[in-house]
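**Student:** Quick mapping for you: the protein sequence lines, in order, are chains P and S.
Residue numbering for the first sequence follows my numbering, starting at 1 and increasing by one per position.
Residue numbering for the second sequence follows my numbering, starting at 1 and increasing by one per position.
Quick list of in silico lysine-lysine cross-link-like pairs, BS3-like style, CA-CA up to 30 angstroms:
hint: 1; chain 1: S; residue 1: K221; chain 2: S; residue 2: K160
hint: 2; chain 1: P; residue 1: K7; chain 2: S; residue 2: K232
hint: 3; chain 1: P; residue 1: K93; chain 2: S; residue 2: K422
hint: 4; chain 1: P; residue 1: K128; chain 2: P; residue 2: K93
hint: 5; chain 1: S; residue 1: K290; chain 2: S; residue 2: K160
hint: 6; chain 1: S; residue 1: K232; chain 2: S; residue 2: K160
hint: 7; chain 1: S; residue 1: K466; chain 2: S; residue 2: K221
hint: 8; chain 1: S; residue 1: K2; chain 2: S; residue 2: K160
hint: 9; chain 1: S; residue 1: K373; chain 2: S; residue 2: K221
hint: 10; chain 1: S; residue 1: K2; chain 2: S; residue 2: K290
hint: 11; chain 1: P; residue 1: K7; chain 2: S; residue 2: K2
hint: 12; chain 1: P; residue 1: K7; chain 2: S; residue 2: K160
hint: 13; chain 1: P; residue 1: K7; chain 2: S; residue 2: K298
hint: 14; chain 1: S; residue 1: K290; chain 2: S; residue 2: K462
hint: 15; chain 1: S; residue 1: K298; chain 2: S; residue 2: K232
hint: 16; chain 1: S; residue 1: K290; chain 2: P; residue 2: K7
hint: 17; chain 1: P; residue 1: K97; chain 2: S; residue 2: K422
hint: 18; chain 1: S; residue 1: K466; chain 2: S; residue 2: K290
hint: 19; chain 1: P; residue 1: K7; chain 2: S; residue 2: K221
hint: 20; chain 1: S; residue 1: K298; chain 2: S; residue 2: K373
hint: 21; chain 1: P; residue 1: K7; chain 2: S; residue 2: K157
hint: 22; chain 1: S; residue 1: K2; chain 2: S; residue 2: K466
hint: 23; chain 1: S; residue 1: K373; chain 2: S; residue 2: K462
hint: 24; chain 1: S; residue 1: K157; chain 2: S; residue 2: K232
hint: 25; chain 1: S; residue 1: K221; chain 2: S; residue 2: K157
hint: 26; chain 1: P; residue 1: K34; chain 2: P; residue 2: K128
hint: 27; chain 1: S; residue 1: K373; chain 2: S; residue 2: K2
Estimated spans, in silico, between C-beta atoms of each pair:
hint: 28; chain 1: P; residue 1: N114; chain 2: S; residue 2: N452; range: 50 to 60 angstroms
hint: 29; chain 1: S; residue 1: P42; chain 2: P; residue 2: G16; range: 51 to 61 angstroms
hint: 30; chain 1: P; residue 1: E33; chain 2: S; residue 2: W405; range: 36 to 46 angstroms
hint: 31; chain 1: S; residue 1: F285; chain 2: P; residue 2: A101; range: 52 to 62 angstroms
hint: 32; chain 1: P; residue 1: T6; chain 2: S; residue 2: K373; range: 37 to 47 angstroms
hint: 33; chain 1: S; residue 1: D411; chain 2: P; residue 2: S8; range: 56 to 66 angstroms
hint: 34; chain 1: S; residue 1: K422; chain 2: P; residue 2: E33; range: 40 to 50 angstroms
Covered stretches of chain P (chain S as the covering partner; in silico rule of three or more C-beta atoms under 8 angstroms from a C-beta of chain S):
hint: 35; region: 7-21
hint: 36; region: 35-42
hint: 37; region: 50-58
hint: 38; region: 68-82
hint: 39; region: 98-111
hint: 40; region: 136-143
Simulated from the structure, these hints should not be mistaken for lab results.
For every residue, glycine included, the Cβ atom is placed at its ideal position computed from N, Cα and C.
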Amino acid sequence: MNETFTKSMARNIFYGGSVFFILVFLGLTFHTEKVLPERDHRENITPQVVLGKKVWEDNNCVGCHSILGEGAYFAPELGNVYQRFGNSTEAIKLFIKSRPAEGIPGRRSMPQFNLSEEELEAVAQFLKWTSEINTSNWPPNIQG
Amino acid sequence: MKFQSQSVAMPYFIAALGLFVGQIIFGLIMGLQYVVGDFMFPEIPFNVARMVHTNLLIVWLLFGFMGAAYYLVPEESETELYSTKLAWVLFWTFLIAGALTIVGYLAVPYARLAELTGNDLLPTMGREFLEQPTITKVGIVIVALGFLFNLGMTVLKGRKTVINTVLMIGLVGLAVMFLFSFYNPENLVRDKFYWWYVVHLWVEGVWELILGAILAFVLIKTTGVDREVIEKWLYMIIAMALITGILGTGHHFYWIGTPEYWQWLGSIFSAMEPIPFFMMTLFAFNMVNKRRREHPNKAAVLWAMGTGVMAFLGAGVWGFLHTLAPVNYYTHGTQITASHGHMAFYGAYAMIVMSIISYAVPHMRGRIANSNKSQVTEMWGFWLMTISMVFITLFLTGAGILQVWMQRYTDTPMPFMSVQDKIAIFYWLREFAGVTFLIGLVVYLASFFVGNEQDAAEDYAKAVAKRDLEKAVAG
Numbered sequence: 001m002n003e004t005f006t007k008s009m010a011r012n013i014f015y016g017g018s019v020f021f022i023l024v025f026l027g028l029t030f031h032t033e034k035v036l037p038e039r040d041h042r043e044n045i046t047p048q049v050v051l052g053k054k055v056w057e058d059n060n061c062v063g064c065h066s067i068l069g070e071g072a073y074f075a076p077e078l079g080n081v082y083q084r085f086g087n088s089t090e091a092i093k094l095f096i097k098s099r100p101a102e103g104i105p106g107r108r109s110m111p112q113f114n115l116s117e118e119e120l121e122a123v124a125q126f127l128k129w130t131s132e133i134n135t136s137n138w139p140p141n142i143q144g
Numbered sequence: 001m002k003f004q005s006q007s008v009a010m011p012y013f014i015a016a017l018g019l020f021v022g023q024i025i026f027g028l029i030m031g032l033q034y035v036v037g038d039f040m041f042p043e044i045p046f047n048v049a050r051m052v053h054t055n056l057l058i059v060w061l062l063f064g065f066m067g068a069a070y071y072l073v074p075e076e077s078e079t080e081l082y083s084t085k086l087a088w089v090l091f092w093t094f095l096i097a098g099a100l101t102i103v104g105y106l107a108v109p110y111a112r113l114a115e116l117t118g119n120d121l122l123p124t125m126g127r128e129f130l131e132q133p134t135i136t137k138v139g140i141v142i143v144a145l146g147f148l149f150n151l152g153m154t155v156l157k158g159r160k161t162v163i164n165t166v167l168m169i170g171l172v173g174l175a176v177m178f179l180f181s182f183y184n185p186e187n188l189v190r191d192k193f194y195w196w197y198v199v200h201l202w203v204e205g206v207w208e209l210i211l212g213a214i215l216a217f218v219l220i221k222t223t224g225v226d227r228e229v230i231e232k233w234l235y236m237i238i239a240m241a242l243i244t245g246i247l248g249t250g251h252h253f254y255w256i257g258t259p260e261y262w263q264w265l266g267s268i269f270s271a272m273e274p275i276p277f278f279m280m281t282l283f284a285f286n287m288v289n290k291r292r293r294e295h296p297n298k299a300a301v302l303w304a305m306g307t308g309v310m311a312f313l314g315a316g317v318w319g320f321l322h323t324l325a326p327v328n329y330y331t332h333g334t335q336i337t338a339s340h341g342h343m344a345f346y347g348a349y350a351m352i353v354m355s356i357i358s359y360a361v362p363h364m365r366g367r368i369a370n371s372n373k374s375q376v377t378e379m380w381g382f383w384l385m386t387i388s389m390v391f392i393t394l395f396l397t398g399a400g401i402l403q404v405w406m407q408r409y410t411d412t413p414m415p416f417m418s419v420q421d422k423i424a425i426f427y428w429l430r431e432f433a434g435v436t437f438l439i440g441l442v443v444y445l446a447s448f449f450v451g452n453e454q455d456a457a458e459d460y461a462k463a464v465a466k467r468d469l470e471k472a473v474a475g
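Construct all of the structure, not just a fragment, from the sequences and the given hints.
**Tutor:** This is the structure we're talking about:
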């Protein structure tokens with residue numbers, strides 16, 4: 001780097017640039033929060049959906065699955081599992097309930113979480129609500 | 001070592017490397033579970049192994065950063081650390097809290113751990129990388145506050161350099177952004193949005209300041225290049241890191257329900273995120289070329305240059321590979337993401353911690369550099385680990401490309417698990433590369449026990465004699 005470009009110029013670019021972009025980012029955060037209700041359909045977040053998210057978290061589902069593409073890549077995407085299972089919360093519940101406790105020889109298998117009926121219904125409702133978020137048409141197809 | 005209190009960095013580095021070993025072992029377990037699905041099931045299901053793998057990574061890097069700071073800040077500030085005792089207390093607090101958390105993950109089902117630790121009171125658990133019980137998160141904040149207080153007091157009473165200022169900004173930023181881990185909205189979209197405030201603004205934001213500061217310190221010490229030059233580079237690197245990285249957060253807001261303008265903003269700014277990493281590579285190589293001294297610690301110089309290259313490849317190139325929205329539409333949440341994650345974390349953050357360890361540990365053991373034999377062993381560790389990581393990344397990229405081809409970018413998409421079976425060969429290859437990584441790590445650790453004080457002193461005397469002879473001939 002040449003001599004006309006001094007250290008204090010570099011320092012000013014750092015401080016000035018950082019502050020500027022932090023402010024822009026905060027502004028965009030504010031705007032995102034403002035328009036989000038149209039996309040996340042929060043009016044449909046029932047107490048059941050809230051409980052479902054809690055069950056989802058308490059069992060660390062994201063440790064194997066992805067949801068809206070985020071999480072682990074060991075097990076299928078669940079953001080659209082409601083549609084993949086034929087728009088059926090019953091099918092989701094049945095799948096979770098029927099996992100063998102000792103697994104499947106040689107294969108990946110979801111653990112048996114022994115969820116109560118209330119928890120099962122909640123997690124299914126949570127996945128149904130998630131599948132209705134406007135995600136700009138992601139994932140590209142039903143397989144997630 | 002110029003100040004006695006710098007030696008408190010030693011336990012931090014030892015703990016970091018110990019946890020690193022644990023991380024790799026759990027990585028191998030997970031890697032095997034990818035192809036032998038029932039391996040260790042149901043005792044250690046995949047999600048538990050993954051949690052241990054990623055949490056150990058974060059904790060060992062934090063130990064590394066703290067060790068780096070305890071070593072570097074007194075030397076830069078030209079004064080003893082404010083309180084060595086506090087540093088020791090925080091060390092044991094953090095280590096015990098971390099160990100208990102890992103034991104908790106392994107000993108009881110996660111839901112039970114959540115219940116035992118009162119997750120109902122303030123639910124923060126069960127989100128990727130932030131799986132720690134809320135009480136552990138509180139512990140992390142307390143340790144971070146004590147740590148920042150200790151360093152802050154040291155900087156205040158001593159010399160303020162660009163390096164310790166930048167390091168402090170990075171560390172304060174790390175602590176501040178972590179506070180978002182306590183915010184867990186019931187709305188999944190908002191949860192994800194602020195989750196990235198921790199995760200992205202750590203690794204593609206404030207951590208880059210920490211990385212830059214440590215790299216600058218190691219380069220000043222090993223090359224003897226003028227501080228003014230190094231500091232100007234450092235400012236430009238971190239300026240570019242934040243100018244591109246803050247709005248670059250947008251590349252995570254494409255498909256999680258956030259407005260579509262993020263596709264433009266995220267693509268444009270994150271496409272520029274490789275720039276600061278490329279500058280780091282130029283920085284490291286330029287400074288080494290312009291070196292004013294032949295530092296006898298060749299291994300430390302290798303680590304510093306390696307950090308520049310691998311951070312650029314892993315974070316820069318492999319990040320760019322899938323950062324543009326139209327590409328990310330197909331690659332989001334596939335093995336492409338995993339490939340990038342591996343090389344970026346290793347190249348940028350694991351390697352910078354090993355750079356400072358390589359430079360500082362010999363000093364703490366009372367020598368300028370280790371013996372030649374020890375350094376050669378260390379460099380074997382460097383190459384084995386680094387080349388293994390390149391292959392891990394390439395195999396995961398291969399897996400990811402096929403996964404996208406069969407499951408996403410096609411008119412006849414196959415189910416997830418069918419695709420996983422078809423790409424199993426890449427997972428096997430990745431696992432073999434993982435084993436060689438572990439071998440490299442063992443070799444690296446062995447280098448600390450190769451050669452003694454006397455060898456180091458003799459090799460150093462030889463290096464000095466050779467340098468003097470060369471000077472005499474040239475002069």
